[in-house]
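Undergrad: Sequence:
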Amino acid sequence: MKLLIDENIPGAASVFGCLGEVRTLPGRAITRAVLHDIDALLIRSVTRVDRALLAGTPVRFVASATAGIDHVDTPALAELGIAFAHAPGSNADSVVDYVLAVLALAFPGPAGLRGRSVGIVGCGQVGGRLLRRLRALGIRCLVHDPLLGDAAPPEEASFADVLAADVVSLHVPLTREGVHATHHLIGTRELHALGEDALLINAARGAIVDNEALRDVLLARPRLRAALDVWEGEPLPDRSLQAHVLIGTPHIAGYAWDGKLRGARQVFEALAAFVGVVIDADVAAGLEASPAGDLHAGCCGCWQDGVLACYDPRRDDARLRAATLDEEHTVRAAAFDRLRRDYPQRREFSAWRIGAAVPSDSVRYRELLAAGFSP
1 MKLLIDENIP GAASVFGCLG EVRTLPGRAI TRAVLHDIDA LLIRSVTRVD
51 RALLAGTPVR FVASATAGID HVDTPALAEL GIAFAHAPGS NADSVVDYVL
101 AVLALAFPGP AGLRGRSVGI VGCGQVGGRL LRRLRALGIR CLVHDPLLGD
151 AAPPEEASFA DVLAADVVSL HVPLTREGVH ATHHLIGTRE LHALGEDALL
201 INAARGAIVD NEALRDVLLA RPRLRAALDV WEGEPLPDRS LQAHVLIGTP
251 HIAGYAWDGK LRGARQVFEA LAAFVGVVID ADVAAGLEAS PAGDLHAGCC
301 GCWQDGVLAC YDPRRDDARL RAATLDEEHT VRAAAFDRLR RDYPQRREFS
351 AWRIGAAVPS DSVRYRELLA AGFSP
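Going by the numbering used here, 45 is the number at position 45 of the sequence shown; the sequence numbering is gapless.
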(Lines of atoms letter the chains of each structure in order from A and count residues from 1; the text may use other names and numbers.)
(Lines give C-alpha, C1' and ligand atoms only; values in the text may rest on other atoms or scores of the structure.)
Protein backbone atom coordinates (compact mmCIF):
# COMPACT_ATOMS: atom_id res chain seq x y z
CA MET A 1 0.00 0.00 0.00
CA LYS A 2 1.34 3.42 -0.96
CA LEU A 3 0.68 6.38 1.33
CA LEU A 4 1.06 10.07 0.54
CA ILE A 5 1.27 12.11 3.74
CA ASP A 6 1.44 15.85 4.40
CA GLU A 7 4.93 16.53 5.74
CA ASN A 8 3.44 18.40 8.72
CA ILE A 9 1.82 15.25 10.13
CA PRO A 10 4.02 13.77 12.89
CA GLY A 11 5.23 10.21 12.55
CA ALA A 12 4.86 10.03 8.77
CA ALA A 13 7.88 7.76 8.34
CA SER A 14 8.47 6.40 11.84
CA VAL A 15 4.88 5.36 12.56
CA PHE A 16 2.84 5.24 9.36
CA GLY A 17 5.57 3.23 7.67
CA CYS A 18 4.23 0.08 9.32
CA LEU A 19 1.08 0.43 7.20
CA GLY A 20 2.69 0.93 3.82
CA GLU A 21 5.24 2.71 1.67
CA VAL A 22 5.33 6.37 2.70
CA ARG A 23 5.94 9.48 0.62
CA THR A 24 5.68 12.99 2.11
CA LEU A 25 5.00 16.34 0.44
CA PRO A 26 4.07 19.88 1.51
CA GLY A 27 0.29 20.12 1.73
CA ARG A 28 0.01 22.70 -1.06
CA ALA A 29 2.10 20.49 -3.36
CA ILE A 30 -0.43 17.64 -3.25
CA THR A 31 -2.01 17.66 -6.71
CA ARG A 32 -3.73 15.15 -8.94
CA ALA A 33 -0.43 14.53 -10.76
CA VAL A 34 1.20 12.98 -7.68
CA LEU A 35 -1.68 10.59 -6.93
CA HIS A 36 -1.29 8.24 -9.90
CA ASP A 37 -0.05 5.37 -7.71
CA ILE A 38 -1.32 6.39 -4.25
CA ASP A 39 -3.74 4.22 -2.26
CA ALA A 40 -4.17 6.39 0.84
CA LEU A 41 -3.90 10.17 1.23
CA LEU A 42 -3.33 11.82 4.62
CA ILE A 43 -3.60 15.60 4.72
CA ARG A 44 -4.05 18.72 6.82
CA SER A 45 -6.26 21.74 6.17
CA VAL A 46 -4.20 23.40 3.41
CA THR A 47 -5.00 20.64 0.90
CA ARG A 48 -8.32 20.96 -0.91
CA VAL A 49 -9.77 17.48 -1.47
CA ASP A 50 -12.55 17.14 -4.03
CA ARG A 51 -13.64 15.27 -7.14
CA ALA A 52 -11.18 17.17 -9.34
CA LEU A 53 -8.29 15.94 -7.19
CA LEU A 54 -9.35 12.32 -6.76
CA ALA A 55 -11.58 11.14 -9.63
CA GLY A 56 -9.79 8.51 -11.69
CA THR A 57 -6.97 8.02 -9.15
CA PRO A 58 -6.35 4.80 -7.22
CA VAL A 59 -6.90 6.56 -3.88
CA ARG A 60 -9.22 4.48 -1.67
CA PHE A 61 -8.79 6.23 1.67
CA VAL A 62 -8.45 9.89 2.70
CA ALA A 63 -7.86 11.17 6.22
CA SER A 64 -7.37 14.70 7.50
CA ALA A 65 -5.37 15.01 10.72
CA THR A 66 -7.49 18.03 11.63
CA ALA A 67 -10.73 18.69 13.45
CA GLY A 68 -12.25 20.91 10.75
CA ILE A 69 -13.14 19.42 7.37
CA ASP A 70 -14.29 22.41 5.31
CA HIS A 71 -11.37 21.66 2.95
CA VAL A 72 -12.82 18.23 2.11
CA ASP A 73 -15.77 17.61 -0.22
CA THR A 74 -17.15 14.67 1.73
CA PRO A 75 -20.16 14.06 -0.57
CA ALA A 76 -17.76 13.73 -3.52
CA LEU A 77 -15.67 11.20 -1.61
CA ALA A 78 -18.78 9.19 -0.81
CA GLU A 79 -19.84 9.21 -4.47
CA LEU A 80 -16.37 8.04 -5.49
CA GLY A 81 -16.45 5.23 -2.93
CA ILE A 82 -13.46 6.63 -1.03
CA ALA A 83 -13.35 6.10 2.73
CA PHE A 84 -12.80 9.20 4.86
CA ALA A 85 -11.66 9.89 8.42
CA HIS A 86 -10.61 12.96 10.38
CA ALA A 87 -9.60 13.95 13.90
CA PRO A 88 -12.47 15.70 15.71
CA GLY A 89 -11.40 17.46 18.88
CA SER A 90 -7.73 16.63 18.38
CA ASN A 91 -6.48 20.21 18.64
CA ALA A 92 -9.36 21.76 20.58
CA ASP A 93 -7.38 22.25 23.78
CA SER A 94 -4.54 23.82 21.82
CA VAL A 95 -6.94 26.40 20.36
CA VAL A 96 -8.40 27.10 23.81
CA ASP A 97 -4.86 27.62 25.12
CA TYR A 98 -4.30 30.15 22.33
CA VAL A 99 -7.47 32.06 23.20
CA LEU A 100 -6.55 32.14 26.89
CA ALA A 101 -3.10 33.45 25.97
CA VAL A 102 -4.66 36.27 23.93
CA LEU A 103 -6.95 37.07 26.86
CA ALA A 104 -3.96 37.05 29.22
CA LEU A 105 -2.24 39.62 26.99
CA ALA A 106 -5.29 41.81 26.52
CA PHE A 107 -6.43 41.69 30.16
CA PRO A 108 -3.31 41.22 32.33
CA GLY A 109 -2.92 41.08 36.09
CA PRO A 110 -5.19 39.91 38.90
CA ALA A 111 -7.95 42.35 37.87
CA GLY A 112 -7.82 40.94 34.34
CA LEU A 113 -11.29 40.08 33.12
CA ARG A 114 -13.00 40.88 36.41
CA GLY A 115 -16.37 42.44 35.68
CA ARG A 116 -16.05 41.76 31.95
CA SER A 117 -17.83 39.27 29.70
CA VAL A 118 -16.69 36.87 26.98
CA GLY A 119 -19.02 36.03 24.10
CA ILE A 120 -18.48 32.63 22.50
CA VAL A 121 -19.89 32.05 19.01
CA GLY A 122 -20.05 28.30 18.43
CA CYS A 123 -20.06 25.86 21.34
CA GLY A 124 -18.70 22.64 19.85
CA GLN A 125 -15.37 21.00 20.57
CA VAL A 126 -13.44 24.26 20.99
CA GLY A 127 -16.15 26.65 22.14
CA GLY A 128 -17.44 24.16 24.70
CA ARG A 129 -14.00 23.65 26.22
CA LEU A 130 -13.36 27.39 26.26
CA LEU A 131 -16.65 27.88 28.09
CA ARG A 132 -15.74 25.30 30.73
CA ARG A 133 -12.35 26.88 31.41
CA LEU A 134 -13.71 30.42 31.59
CA ARG A 135 -16.51 29.25 33.88
CA ALA A 136 -13.92 27.68 36.18
CA LEU A 137 -12.01 30.98 36.19
CA GLY A 138 -15.17 32.79 37.26
CA ILE A 139 -15.48 34.78 34.03
CA ARG A 140 -18.97 35.66 32.81
CA CYS A 141 -19.74 34.06 29.45
CA LEU A 142 -22.43 34.46 26.81
CA VAL A 143 -22.84 31.67 24.26
CA HIS A 144 -24.53 31.65 20.86
CA ASP A 145 -24.87 28.41 18.90
CA PRO A 146 -28.24 27.91 17.19
CA LEU A 147 -27.35 24.32 16.29
CA LEU A 148 -27.34 23.17 19.93
CA GLY A 149 -31.09 23.47 20.46
CA ASP A 150 -32.10 21.95 23.79
CA ALA A 151 -28.44 21.11 24.51
CA ALA A 152 -27.53 24.79 24.78
CA PRO A 153 -25.72 25.74 28.01
CA PRO A 154 -27.23 28.05 30.65
CA GLU A 155 -25.09 30.86 29.22
CA GLU A 156 -27.09 30.77 25.96
CA ALA A 157 -27.70 34.26 24.55
CA SER A 158 -28.83 35.94 21.36
CA PHE A 159 -26.29 36.76 18.68
CA ALA A 160 -26.81 40.46 19.39
CA ASP A 161 -26.09 39.99 23.10
CA VAL A 162 -22.93 38.00 22.36
CA LEU A 163 -21.70 40.73 20.02
CA ALA A 164 -22.15 43.23 22.86
CA ALA A 165 -19.72 41.33 25.13
CA ASP A 166 -16.30 42.73 26.01
CA VAL A 167 -14.66 39.86 24.11
CA VAL A 168 -16.11 37.95 21.15
CA SER A 169 -14.38 34.66 20.32
CA LEU A 170 -15.34 32.73 17.17
CA HIS A 171 -15.43 28.92 17.12
CA VAL A 172 -17.64 27.83 14.24
CA PRO A 173 -16.84 25.79 11.12
CA LEU A 174 -16.79 27.56 7.76
CA THR A 175 -19.99 26.86 5.86
CA ARG A 176 -21.37 28.67 2.82
CA GLU A 177 -24.89 27.29 2.52
CA GLY A 178 -27.97 26.95 4.69
CA VAL A 179 -29.75 29.15 7.18
CA HIS A 180 -26.78 29.08 9.55
CA ALA A 181 -24.01 29.63 6.98
CA THR A 182 -20.93 31.14 8.60
CA HIS A 183 -19.12 32.67 5.62
CA HIS A 184 -18.72 36.37 6.54
CA LEU A 185 -20.78 35.76 9.67
CA ILE A 186 -18.97 38.82 11.02
CA GLY A 187 -19.38 41.59 8.46
CA THR A 188 -19.66 45.36 8.56
CA ARG A 189 -22.95 45.37 10.49
CA GLU A 190 -21.71 42.92 13.13
CA LEU A 191 -18.39 44.74 13.51
CA HIS A 192 -20.19 48.01 14.20
CA ALA A 193 -22.26 46.18 16.84
CA LEU A 194 -19.11 45.39 18.84
CA GLY A 195 -18.41 47.49 21.92
CA GLU A 196 -16.16 50.53 21.66
CA ASP A 197 -13.13 48.77 23.18
CA ALA A 198 -14.13 45.16 22.47
CA LEU A 199 -11.71 42.41 21.50
CA LEU A 200 -12.56 40.13 18.55
CA ILE A 201 -10.74 36.78 18.41
CA ASN A 202 -10.85 34.53 15.34
CA ALA A 203 -9.04 31.21 15.65
CA ALA A 204 -11.57 29.29 13.53
CA ARG A 205 -11.48 30.01 9.78
CA GLY A 206 -10.45 33.24 8.05
CA ALA A 207 -13.56 33.76 5.94
CA ILE A 208 -15.88 33.72 8.96
CA VAL A 209 -14.88 37.39 9.25
CA ASP A 210 -15.06 39.78 6.30
CA ASN A 211 -11.38 40.78 6.43
CA GLU A 212 -11.81 43.88 4.28
CA ALA A 213 -14.63 45.13 6.48
CA LEU A 214 -12.60 44.40 9.61
CA ARG A 215 -9.67 46.39 8.27
CA ASP A 216 -11.89 49.39 7.55
CA VAL A 217 -13.57 49.24 10.97
CA LEU A 218 -10.25 48.94 12.80
CA LEU A 219 -8.99 52.00 10.94
CA ALA A 220 -12.11 53.95 11.91
CA ARG A 221 -12.27 52.71 15.52
CA PRO A 222 -8.78 52.66 17.07
CA ARG A 223 -9.98 51.36 20.46
CA LEU A 224 -11.45 48.22 18.92
CA ARG A 225 -9.00 45.30 19.03
CA ALA A 226 -8.69 42.08 17.05
CA ALA A 227 -6.58 38.94 17.36
CA LEU A 228 -6.48 36.83 14.22
CA ASP A 229 -4.92 33.41 13.75
CA VAL A 230 -6.77 32.80 10.49
CA TRP A 231 -7.12 34.98 7.41
CA GLU A 232 -8.97 35.22 4.15
CA GLY A 233 -6.62 34.50 1.28
CA GLU A 234 -4.14 32.35 3.21
CA PRO A 235 -1.21 32.04 2.71
CA LEU A 236 -1.35 35.74 1.78
CA PRO A 237 -3.03 37.62 4.64
CA ASP A 238 -3.99 41.23 3.99
CA ARG A 239 -0.98 43.22 5.23
CA SER A 240 -3.06 46.35 5.70
CA LEU A 241 -5.29 44.38 8.08
CA GLN A 242 -2.33 42.68 9.73
CA ALA A 243 -0.84 46.08 10.54
CA HIS A 244 -3.84 46.99 12.69
CA VAL A 245 -4.51 43.83 14.71
CA LEU A 246 -3.43 43.35 18.31
CA ILE A 247 -2.13 39.87 17.51
CA GLY A 248 -1.74 38.22 14.11
CA THR A 249 -0.47 34.66 13.77
CA PRO A 250 -0.08 32.19 10.86
CA HIS A 251 -2.93 29.72 11.50
CA ILE A 252 -1.14 27.97 14.36
CA ALA A 253 -3.64 28.19 17.24
CA GLY A 254 -4.18 24.44 17.02
CA TYR A 255 -0.51 23.65 16.46
CA ALA A 256 0.49 22.58 19.97
CA TRP A 257 2.57 19.42 19.68
CA ASP A 258 0.11 17.46 21.80
CA GLY A 259 -2.75 18.25 19.42
CA LYS A 260 -0.70 17.37 16.36
CA LEU A 261 0.20 14.01 17.89
CA ARG A 262 -3.43 13.40 18.87
CA GLY A 263 -4.64 14.14 15.35
CA ALA A 264 -1.95 11.95 13.80
CA ARG A 265 -2.88 9.10 16.13
CA GLN A 266 -6.58 9.38 15.27
CA VAL A 267 -5.96 9.10 11.53
CA PHE A 268 -3.30 6.40 12.07
CA GLU A 269 -5.86 4.30 13.94
CA ALA A 270 -8.47 4.96 11.24
CA LEU A 271 -6.09 3.88 8.47
CA ALA A 272 -5.03 0.78 10.41
CA ALA A 273 -8.69 -0.18 10.82
CA PHE A 274 -9.30 0.42 7.11
CA VAL A 275 -6.51 -1.94 6.06
CA GLY A 276 -7.23 -4.43 8.85
CA VAL A 277 -3.92 -4.10 10.66
CA VAL A 278 -3.68 -4.56 14.42
CA ILE A 279 -1.75 -1.63 15.87
CA ASP A 280 1.50 -2.46 17.63
CA ALA A 281 1.55 -0.64 20.97
CA ASP A 282 5.26 0.16 20.70
CA VAL A 283 4.77 1.75 17.28
CA ALA A 284 1.72 3.74 18.39
CA ALA A 285 3.70 5.03 21.37
CA GLY A 286 5.58 7.19 18.87
CA LEU A 287 2.45 9.36 18.71
CA GLU A 288 2.12 9.93 22.47
CA ALA A 289 3.28 13.12 24.18
CA SER A 290 5.39 13.06 27.32
CA PRO A 291 4.93 15.55 30.20
CA ALA A 292 6.48 18.97 29.57
CA GLY A 293 7.68 19.65 33.11
CA ASP A 294 6.75 21.84 36.07
CA LEU A 295 5.83 25.51 36.23
CA HIS A 296 8.29 27.80 38.00
CA ALA A 297 7.19 29.71 41.08
CA GLY A 298 8.34 33.03 39.63
CA CYS A 299 5.91 32.84 36.70
CA CYS A 300 2.68 32.32 38.62
CA GLY A 301 1.69 35.64 40.16
CA CYS A 302 -1.72 35.13 38.53
CA TRP A 303 -3.16 32.71 35.97
CA GLN A 304 -2.27 35.08 33.14
CA ASP A 305 1.41 34.92 34.11
CA GLY A 306 1.38 31.13 34.07
CA VAL A 307 -0.33 31.07 30.68
CA LEU A 308 2.11 33.52 29.06
CA ALA A 309 5.10 31.71 30.56
CA CYS A 310 4.06 28.61 28.61
CA TYR A 311 2.80 30.32 25.46
CA ASP A 312 3.14 33.98 24.50
CA PRO A 313 1.45 34.67 21.12
CA ARG A 314 3.54 37.81 20.67
CA ARG A 315 6.39 35.60 19.51
CA ASP A 316 4.30 34.14 16.70
CA ASP A 317 2.97 37.60 15.89
CA ALA A 318 6.53 38.94 15.53
CA ARG A 319 7.53 36.02 13.29
CA LEU A 320 4.58 36.59 10.97
CA ARG A 321 5.15 40.35 10.72
CA ALA A 322 8.81 39.76 9.86
CA ALA A 323 7.94 37.07 7.32
CA THR A 324 5.47 39.26 5.43
CA LEU A 325 7.70 42.28 4.82
CA ASP A 326 8.67 41.20 1.30
CA GLU A 327 6.77 42.84 -1.56
CA GLU A 328 6.80 39.68 -3.69
CA HIS A 329 3.62 37.63 -3.23
CA THR A 330 5.24 34.26 -3.81
CA VAL A 331 7.94 35.01 -1.24
CA ARG A 332 5.35 36.03 1.37
CA ALA A 333 3.18 33.00 0.69
CA ALA A 334 6.16 30.67 1.02
CA ALA A 335 7.16 32.39 4.27
CA PHE A 336 3.66 31.93 5.72
CA ASP A 337 3.73 28.20 4.96
CA ARG A 338 7.29 27.90 6.26
CA LEU A 339 6.25 29.35 9.62
CA ARG A 340 3.66 26.59 9.89
CA ARG A 341 5.95 23.82 8.66
CA ASP A 342 8.82 24.79 10.97
CA TYR A 343 6.66 25.76 13.93
CA PRO A 344 8.53 25.49 17.27
CA GLN A 345 7.32 22.75 19.57
CA ARG A 346 4.64 24.27 21.79
CA ARG A 347 2.99 22.22 24.52
CA GLU A 348 -0.59 22.32 25.72
CA PHE A 349 -1.07 23.76 29.20
CA SER A 350 -2.20 20.33 30.42
CA ALA A 351 1.31 19.01 29.70
CA TRP A 352 2.69 21.34 32.39
CA ARG A 353 2.38 20.51 36.10
CA ILE A 354 1.70 23.20 38.68
CA GLY A 355 3.68 21.14 41.15
CA ALA A 356 5.15 23.27 43.92
CA ALA A 357 4.98 26.53 41.95
CA VAL A 358 2.20 27.78 44.24
CA PRO A 359 0.61 26.39 47.43
CA SER A 360 -2.05 23.79 46.63
CA ASP A 361 -4.57 25.50 48.92
CA SER A 362 -4.20 28.92 47.26
CA VAL A 363 -6.47 30.83 44.91
CA ARG A 364 -3.66 30.92 42.35
CA TYR A 365 -3.45 27.11 42.37
CA ARG A 366 -7.19 26.82 41.69
CA GLU A 367 -6.95 29.41 38.91
CA LEU A 368 -4.05 27.59 37.25
CA LEU A 369 -6.06 24.36 37.37
CA ALA A 370 -9.01 26.20 35.83
CA ALA A 371 -6.77 27.57 33.07
CA GLY A 372 -5.89 24.00 32.08
CA PHE A 373 -2.66 23.15 33.89
CA SER A 374 -2.19 19.76 35.55
CA PRO A 375 -1.88 19.33 39.35
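Heads up, some of the hints might be wrong.
What the hints assert, rightly or not - Cβ-Cβ distance ranges computed for the label pairs, FRET-style:
(1) R176 - P344: 42 to 48 Å
(2) E328 - V277: 43 to 49 Å
(3) A33 - R315: 33 to 39 Å
Just so you know, these hints were derived from the structure itself, not from any lab. Just so it is clear, the structure is predicted and the values come from calculations on it, not from any experiment. All C-beta atoms, glycine included, are put in the ideal place defined by N, C-alpha and C.
Undergrad: All hints, please: hold or fail.
TA: Hint-by-hint comparison with the structure:
1. R176 - P344: 42 to 48 Å: violated (34 Å)
2. E328 - V277: 43 to 49 Å: holds (46 Å)
3. A33 - R315: 33 to 39 Å: holds (37 Å)
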